[in-house]
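So the chains spell out like this:
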Amino acid sequence: MGTISRRNLLRSAALLGVSTVLGNGLQSVAHADKPITFSGWVFKPDTVKDYVNFYNQKFGGQVQYEPLTWVQYHPTMETRALGGDLVDVMYCVHNNRQRWYENGLIRALDDLPGADELKRKMTPANLESLKSKDGTKLLGLPYFTSLFTLIYNEPMLQQAGIPAPAKSWDELLEHCTKLKKDKLSDTPYLPNWSHGPSETMPQFMSDCFSEGAQVFDAQNRVIVDQEPGAARAMERWQKMYKAGLVNPEVLTKTSSTDVHRLFWTGRYAYHTNHSYYLKTIAAEPQNSRLAPRKAKLAMYPGTGTTYMWTDSYVVNAKTKALEDAWKLTRFLGGNLNGDWYVQRQWCLIAGLDNPYPEMYDHQDIIQSYDRWVDLKLLREQYKKGKVIAAYKEPWYAEYDTKALAVVHDIIRGGATVPRGLKQLTSLQKSLL
Amino acid sequence: MIRGIRLSEGRFALLLVLPAFLGVLVVVLFPLLYSLWLSFTDVNVLRTSGPAIELFGVRVPLFRWVGLQNYIDVFADPLYWSSLVRTLYFVGAFVVEATLGGLGMALILSERFAGRPLMRSLLLIPWSLSRAVVGLLWIGILDFEFGAFNGLLYNLKVVDSPIAFFSDGFSALNVLVSVYAWNQAPFAALLFLAGIQAISVDLYSAAAVDGAGYWQRLRHLILPALRPTLFLVLVMATVNGFLMLDLIYVLTMGGPGHATKTMAWLGFETAFVFFKFGPGTAILYTLTAICLVLTVIYHRVIMARFEPTG
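Top to bottom, those sequences are chains R and P.
Going by our numbering, the first residue of the first sequence is number 139, and it counts up by one from there.
Going by our numbering, the first residue of the second sequence is number 398, and it counts up by one from there.
Don't take each hint at face value.
What the hints assert, rightly or not - Here are some chain R residues pointing at chain P (derived, C-beta under 8 Å):
no. : residue
1   : Glu216
2   : Thr217
3   : Leu220
4   : Leu243
5   : Ala246
6   : Leu389
7   : Thr392
8   : Gly404
9   : Thr539
10  : His546
11  : Thr554
12  : Arg557
These are calculated hints, taken from the structure and not from any lab test.
In this text, all values refer to a predicted model and were calculated from it rather than measured experimentally.
Glycine included, each C-beta is placed from N, C-alpha and C at the ideal position.
I would like the entire structure built from these sequences, with the hints used as guidance.
Right under this line is the structure:
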């Protein structure tokens, strides 16, 4: 082995430097003009990395992907924008979109090529959800859509001699009472009453809608104190909690994910939660005792109407590479590749739905869903999905968080139903 | 070698301290003053137009000055006062549990017994765990559905059905206190142990000659000598108690209802969930003021009559 002289070392370093510069230079010929950045909250980041790599290879993109923790995602994006950091394409939850748009962080997409075609392909309710408060601008393309669903534990119902899942809330209450009395389950009903923006309050709205009640009027004012259906829903919740039909610690679970995992144990009969959770419950035998397909979807009781929302990909208003950013956004939330690549990936891998009905005619999607859900019934349930416009209001995030405490108080009997519902109305007024 | 520059001792000392002082200025004092400023302004981090100062090439927006309005709004909110009461209870209970627990452990570990070195090492494990891990660990122990403690009680036929430790607000708050004390008491124990070991052997010998028993030694020798340590432990436990956030995040998210919502959580929620950074920082500055007042009180009460033993 020879010695390393200073001359050799410098020569090698110079060669390495030149080759690196040349390498990058040559590489950039095949790539897009400008690198673009893409940020999202952490959910299956390896899947995201895979399709970003696919995009970079197939479309010559230079996308740099950065996942951020879910909890701090939106504040982080805002403070980074404050510091002058520019992220070209971002995830954005439905109740932050309008705020980001009004404050100039993101741009409307209507004027970009192909946007009109995508709008035509979306279901009208989801399209409405993705629009600005005044309904004139499209603010994002869909990451996924979901809604509240009713899931039931078929073997447990069979064991109790219950031939079919409940079609009404009264029937569900009756089933749960029987299951507890027969000692088949300590707490047969598992609602999503946990803490967080996509939990207790969307569950509250779903149950109000299913009772035929409105939560907000056309001007987005809270009107639950005038709605008998809302009172019925709350009285039922109080009754179920008091009768010990619900796991009392669900009120301090920190997320929907934590709640749905409880259903894996097979110790509950009914569960209400986001639609995509049925996939892990019914199709992951390594996690869930109710897989394969022992847990099933039933139409939401009552009117069947439940709360639906659409989370999105948005484009930074200050992007310096609009063409590339829009191309990536169409790849993510549209159909750039002609095969709905990313939308399809999410359906197959995580059961995340999207608002493009034609997706559900694809044979691979049908076969994949068939492993964990009755797709026809799920599509029927989506027809009953209801979107609200109130989340586009500036007070919504604060209302949503503070209202949760009021609803928890009603559930635990700390407030009567009429008083609690009045508190919700006055809470919203206080934030205007 | 520099010739001809003669500095006084004071100036030379200042020169040596200057780099550290500049570091503190940039990483401590500036954020502190800037956040204090934010508590008097209407902050919208997405609206970056308007007056700003430029520091090292970074634009720092000054936002719209609203005077005391954020503080007025915060004090008018009943949730602030209920959170304050809850925080005072939490901090009081936590300080008592952590201090007494720590002192008890230190007294035991200062005695000679087989396995003492191992016990001293094991003592630090709860303190060295990240709070997220501590939270998850205690969920595993106390959970209604799958908690080990509930399973044990059920198998021993002590209970007919599992205990829901987090269903009642007061119970959930007390669980938080105990879990945090479990996490923090070892550090207090470490400080107390160091304090006990610093007591001169001669004083123990003198006490033995005077015929003092264990309790007399504890009362008249050990506890008075531990006063500076006690001051430190109380200040640290109080500040840590007021600022505790992560365990609430993992264990209860402030629920059920508002039942475990402390001021730190309220400030965090106001700033980072409602994006109201002005009122959020105002809430957290009232917390800072309370901590400062309590530190002064501790100092007056504990250190007033303290005379170094050495």
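(message) For a quick check of understanding: which of the numbered hints are violated here, in increasing order?
(response) Hint check: 5, 8, 11, 12 fail, others pass.
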